[in-house]
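Those sequence lines, one after another, are chains A and B.
For what it's worth, this note's numbering labels the leading residue of the first sequence as -12, then goes sequentially.
For what it's worth, this note's numbering labels the leading residue of the second sequence as -12, then goes sequentially.
Quick caveat, the hints were computed from the structure, so don't treat them as lab data.
Treat the hints with caution; some may be incorrect.
Identical copies go unnamed one by one, so any copy, or any two together, can satisfy a pair.
[What the hints assert, rightly or not] For lysine-lysine, the following PhoX-like pairs were computed, each having C-alpha atoms within a straight-line distance of at most 20 Å: (1) K102 x K34; (2) K76 x K22; (3) K36 x K53; (4) K53 x K38; (5) K128 x K45; (6) K48 x K97; (7) K54 x K34; (8) K123 x K101.
Protein chains: 2
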Amino acid sequence: MSFAEENYLKVLYQLSYERVDRKDAGTSELALILKVKPASVNDMLKKLKEKKYVDNKKYGKISLTKKGKEVAINVLRKHRLWETFLYEKLDFNWAEVHDVAEQLEHIQSKKLVKKLDKFLSFPRFDPHGDPIPNEKGEIVKTNRVLLSSIKKGDFFRVVGVKDLSSDFLQYIDDLKIRINSEIILEDIQEFDKTRLLYFNENKVRISKEVSDCIFVLPL
Amino acid sequence: MSFAEENYLKVLYQLSYERVDRKDAGTSELALILKVKPASVNDMLKKLKEKKYVDNKKYGKISLTKKGKEVAINVLRKHRLWETFLYEKLDFNWAEVHDVAEQLEHIQSKKLVKKLDKFLSFPRFDPHGDPIPNEKGEIVKTNRVLLSSIKKGDFFRVVGVKDLSSDFLQYIDDLKIRINSEIILEDIQEFDKTRLLYFNENKVRISKEVSDCIFVLPL
DNA sequence: TAATAAAGTTAGGCTTACCTAAAACATAAA
DNA sequence: TTTATGTTTTAGGTAAGCCTAACTTTATTA
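Use the sequences and the hints to build the structure in full.
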């Protein structure tokens, strides 16, 4: 299983199972995320189909087989364990972990993953609040929601940010909104496309777009 | 700089600068170590030459340029830092670290290397006793020698084993000869191709071949 | 020194994963 | 329903990194 193949399966999984808007993944969307052309996606899908990792008909819905899903979940597990390692042990910030984990997720060593998991005390969520599949591929449910859905007066804890390599990440990190920081939203003032949030003593103005990137756990 | 290119430069460096018998590296020797055919080595050398990483004439000695040496030392630094991490933090044994480090050494992130180095408290030697180049590419000298050169009555400390993926490694690990274990050789009895070593209370029989793989520091 | 062996090189091919350009199909708007 | 727009697929091509087979050069040994 090559790096490229693993990446295709991982992104396919995320588009099929981890999206809020549950619409099917298409060739061009995949191409956009993987930073290749739609024709290349097609080439690879053909190969993955032959190898029984995906199962799609011409012009039809692309779906992972059981085998493909297993590989995808394993890559995701590694990605999120490494992100946790970088954040917890090496003191990386939210904005920095993703790109490095993108490389580390392809290291092939069952033993390494097992030992890393243990070293991190079997974490269930990564720094972005995404669930880390366990060794069997099981994924725990969480009732986290996006900050954008929080209403004035609600209490919650920040648990993560979306696992996207966006410019927001650096910005969010700069706001010092750290995971599990026990910050509680005490008040909201709504402006045009902007919300003024009071986190304990801290006053922070956050745009709609940014609050669509922050996961919180209602208390 | 691709994985393959990095590997060629790393092996070239080791053959040129880290060998006891200081003879020049040849196409077929490189091929043997890199597990490819001599023709492939030639293809790659041509490319590395164009890119000014190596400097060799047809049928002549292959040598690294300053630029090539820098890359090689950096890969070696990463390899040995990762080995140290696996051994010290994840509880891998001597036999297991090499293959995984072989993959990890190609991760591209200056920040990662820097933080890993700090996390490990700036180690100067890896689990095999090989020196870890510092951030500037400087390599500390050590006066370690091979166990095979030790004479009856000498005192020393085991500091590592050769960085080769050999069957010896598992065997050595099983002997429980751990780095910095303060074990001292109290007596040797010589047999045909075999030495019976008394490490404190432990009596261990070791072949010539194995004692050619163990680095010790005379006390 | 000539014959033989070993090492290095070249030529031509293969596979992977990408590409562009053009054709086939699907969907939404007129 | 036809047209316009966008998405998916096909065909043909490229570069990296490997290969085999044949050839050239260097080293060894008779």
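Going down the list of hints, with the structure as the test:
| no. | hint | result |
| --- | --- | --- |
| 1 | K102 x K34 | neither (33 Å within a copy, 39 Å between copies) |
| 2 | K76 x K22 | neither (30 Å within a copy, 36 Å between copies) |
| 3 | K36 x K53 | within (12 Å within a copy, 47 Å between copies) |
| 4 | K53 x K38 | within (12 Å within a copy, 45 Å between copies) |
| 5 | K128 x K45 | neither (34 Å within a copy, 63 Å between copies) |
| 6 | K48 x K97 | neither (32 Å within a copy, 41 Å between copies) |
| 7 | K54 x K34 | within (14 Å within a copy, 39 Å between copies) |
| 8 | K123 x K101 | within (11 Å within a copy, 34 Å between copies) |
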